[in-house]
Amino acid sequence: MSICDLELGEKAYIHSIAGNEKLMKRLMALGCIEGTEVCLKNSAPFGDPLVINLRGCDFCIRKKDAKNISIKDTQEE
Amino acid sequence: MYLEILVTVIIFAAAGFIMYKNIKKKASGKCDCGSCSSHCPNYKKK
Amino acid sequence: MKTAALIGNPNVGKTSLFNYLTGSNQYVGNWAGVTVEKKEGFLDNKLKIVDLPGIYAMDTFSNEEMVAKKFLIDKEADFIINIVDASNLERNLYLTTQLKEYNIPIILVLNMIDVSESKGIEINYSLLSENLGVSVVPISASKIKGIEDLKKLLLGGIFLSAPTDNDFHFQNEKEAYDFISSVLLKCINKKHSDKKTSTEIIDRIVLNKILAYPLFFLILFLIFKFTFSWVGQPLAGFLSYVIDDGLIPVLNNLLSNSSPWFSSLIINGIVGGVGSVIVFLPVILSLFLGISFLEDSGYMARAAFIMDKAMRKMGLSGKAFIPLIVGFGCSVPAIMSARTLESEKDRKLTALLVPLMSCNARLPVYALFAAAFFPGNETTVVFSLYLLGILLAFTLGILFKSTIFKKDEEPFIIELPEYKAPEFKNLLAHTWDKGKGFLKKAGTLIFSISVAIWFLSSFNFSGMTDINHSILASIGNFISPIFIPLGFSSWQNSVSLLTGLMAKEVILGSMGVIYGGNLRVSLLSNFTQISAYSFLVFVLLYTPCVSVIATMKKEFGNKMAIFSVFYQLSLAWIVSFIVYRLGILLFK
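Protein chains in written order, with my numbering: chain E, 214 to 290; chain V, 103 to 148; chain G, 2 to 589.
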């Protein structure tokens, strides 16, 4: 399951991230790490890019990158 | 007649000086902030 | 003198703080080797403050981070002023943990205390200071409270000195964030509020699936309407009336007894040239006001977000949207603001497309021609030119991306800041500054060029002569053949376009001097509707002014600068040609 599969306003917890190395590093620096709560806030008119909320801030990322962020329902390992 | 010539000389001198300064400024890439936006980094320099 | 490094995340009010601390005592330049802006200033002439670029971390991938890291590694700072957003501490403190590794004292400035208080967040400052090993100074967004305390602290020099051996070396992001979470748990008391922030409410409408695009275009259209129909153009018309029917007759009277060449210099040369341009001040100010409002409110980030998908077709990311918008004002700062793009290829591509966003300086030319040849349809005509520029940018973006600038995608991640009501005081001050700048340009550059043009058009090597035998006419006649296929090949037009290389407004100034009399009337007898439009297309697309070329050279080197000059000239010629021939085919 990735962030893209969430409904708008739905929350989940980060399981792992993959994809473009640079983006991954930036995401982790922003606190997108295993166990962090993330919320899908909004999306642009054609479903791309998406707005996610991480540790209190809103960020936009592209759908193809969001597909690489997998999530889980609970905070446990 | 003399007043005219004097005024003209001043005008031409001013014009020449301004052009010279401007060409120098433009060749070094300074924007001339006649049309700048609030995001221009040079803007904060008062 | 000690040096302090000012570091923090983007959008936390760092620039504001820097301005408060250094006042007008600032210098803006460049970091060596990279296109990243360097700002230095002085607090009371006793402390040097270096404003490092806004960054989220020290080690991900951008030039900005490299610059900050190098500055600290080279021991250029005696201590660090780390500004953070108090209403969003968690993410902000990640950078702080990385800064601790440099073993120099850190003053943690908690900005936006008022916002965090309204969100129900209570922070125990002394506990925070103890746990992080930093001095803590809270300040509010209005900056008045707290700023004096901060200044005293900075100048006093007595702050928590860094322990020589600190336990802030985290193996990875997870460890760092776990630490931050544990510290915040001890120091923060959050009264959970489910109240929707005003930003959320606004974004519901602005980013709504159905409304987003139409709203965006509506906003842009309104700004254009404001500029051309409601405020800008009418005021311009009034100024024009004041000059033509007020000033000139008075001058004619005053100079009725002087030598004809002198009154010609004053009336046809100076007033003719400068006057043609100054009347457009209201138009320029209106457009500027509109765009500044959008920038300051935070809407622009949303625009970048909405436009990302479309921009990707063009080979760029939504982040390039802002430099392109800035380009509608002036290409010079637009090209410089392409630095916010983190990949060199994206910066170059953006810089090449920026001049296609019709700059403010071309506006007077469009305005006059539109009023003369398409009365009643001015907004549409001018809008069409702007649109043409945008469409061509798309096309060329796709073209360049598939040839010269092969895929080098930079990661796309933009923070959406909270909306901010633009401070009208600031907005008006900026607009007035711009007005002053425009008047200064008119009073100096355009004035001197008008004088030069007057001279070249009234003389040739055997003395004073009529305009058709002047030096200017010879120059014009020499270059005009290029323009024959485009429909506007008189020597007067050719020369005016040439002078446009100094500044685009000068085109009008030159024409004002060369054609003399009422410019609008002269234009009507020298152009047809079709050749007028073809001329405007050429003005839209051809090589921008010398400052822009110089900026290209400064940012990207000689090769890029030369390439951009030629590609734009060719583009202008080709499209102008097509427009003219098509026009004749369809409308003659």
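Please keep in mind that the hints were generated in silico from the structure rather than gathered at the bench. Beta carbons: idealized from backbone N, C-alpha and C, even for Gly. Among the clues, some could well be false.
Here are the simulated SDA-like pairs of lysine to any residue, each with C-alpha atoms no more than 20 Å apart in a straight line [what the hints assert, rightly or not]:
1. Lys-3(G) with Asp-60(G)
2. Lys-123(V) with Gly-438(G)
3. Lys-187(G) with Glu-201(G)
4. Lys-277(E) with Asp-218(E)
5. Lys-441(G) with Phe-114(V)
6. Lys-71(G) with Thr-4(G)
7. Lys-277(E) with Lys-314(G)
8. Lys-210(G) with Cys-217(E)
9. Lys-238(E) with Lys-314(G)
10. Lys-276(E) with Tyr-214(G)
11. Lys-127(V) with Val-51(G)
12. Lys-224(E) with Glu-201(G)
13. Lys-126(V) with Leu-502(G)
14. Lys-235(E) with Lys-153(G)
15. Lys-441(G) with Tyr-214(G)
16. Lys-285(E) with Lys-235(E)
17. Lys-210(G) with Lys-238(E)
18. Lys-191(G) with Lys-285(E)
19. Lys-153(G) with Gly-291(G)
20. Lys-254(E) with Leu-221(E)
21. Lys-238(E) with Gln-172(G)
22. Lys-191(G) with Ser-141(G)
23. Lys-120(G) with Ser-283(E)
24. Lys-191(G) with Glu-250(E)
25. Lys-421(G) with Ser-298(G)
26. Lys-127(V) with Ala-551(G)
27. Lys-276(E) with Asn-209(G)
28. Lys-224(E) with Glu-123(G)
29. Lys-127(V) with Lys-187(G)
30. Lys-238(E) with Thr-287(E)
31. Lys-402(G) with Glu-419(G)
32. Lys-421(G) with Gly-291(G)
33. Lys-441(G) with Glu-106(V)
34. Lys-554(G) with Glu-345(G)
Not the full set, but computed from the structure, chain G residues with beta-carbon under 7 Å of chain E [what the hints assert, rightly or not]:
35. Leu-208
36. Pro-215
37. Phe-217
38. Tyr-300
39. Ile-480
Checklist entry - Straight-line Cα separation of Lys-153(G) and Gly-291(G) no greater than 20 Å? => result 39 Å, violated
Checklist entry - Given the hint that Lys-191(G) pairs with Lys-285(E), does the C-alpha gap stay at or below 20 Å? => result Violated, at roughly 26 Å.
Item to check | Restraint status (C-alpha distance of Lys-210(G) to Cys-217(E) at most 20 Å) | outcome: Roughly 16 Å between the alpha carbons, so the hint for Lys-210(G) and Cys-217(E) holds.
Checklist entry - Holds or violated: are the alpha carbons of Lys-421(G) and Ser-298(G) at most 20 Å from each other? => result 5 Å, holds
Checklist entry - Taking only the CA atoms, is the gap from Lys-224(E) to Glu-123(G) under or equal to 20 Å? => result 25 Å, violated
Item to check | Per-residue hint verdict: Tyr-300(G), partner chain E, C-beta under 7 Å | outcome: 14 Å, violated
Checklist entry - Going straight from one Cα to the other, do Lys-421(G) and Gly-291(G) come out at no more than 20 Å? => result 15 Å, holds
Checklist entry - Holds or violated: Lys-235(E) with Lys-153(G), Cα cutoff 20 Å? => result 41 Å, violated
Next on the checklist: With the threshold set at 20 Å, check whether the alpha-carbon distance from Lys-554(G) to Glu-345(G) stays at or below it.
Outcome noted: Given pair Lys-554(G), Glu-345(G) holds - Cα atoms ~15 Å apart, limit 20 Å.
Next on the checklist: So if I understand the rule, the pair passes when the alpha-carbon distance is 20 Å or less; does Lys-238(E) with Thr-287(E) pass?
Outcome noted: 23 Å, violated
Checklist entry - Is Lys-187(G) close enough to Glu-201(G), meaning Cα to Cα at most 20 Å? => result Between Lys-187(G) and Glu-201(G) the Cα gap is close to 29 Å, so the pair fails against 20 Å, i.e. violated.
Item to check | Pairwise hint evaluation, Thr-4(G) against Lys-71(G), where the allowed Cα distance is 20 Å at most | outcome: 15 Å, holds
Violated hints, in rising order: 1, 3, 9, 11, 14, 15, 16, 17, 18, 19, 23, 28, 29, 30, 31, 33, 36, 37, 38, 39; the structure is consistent with all others.
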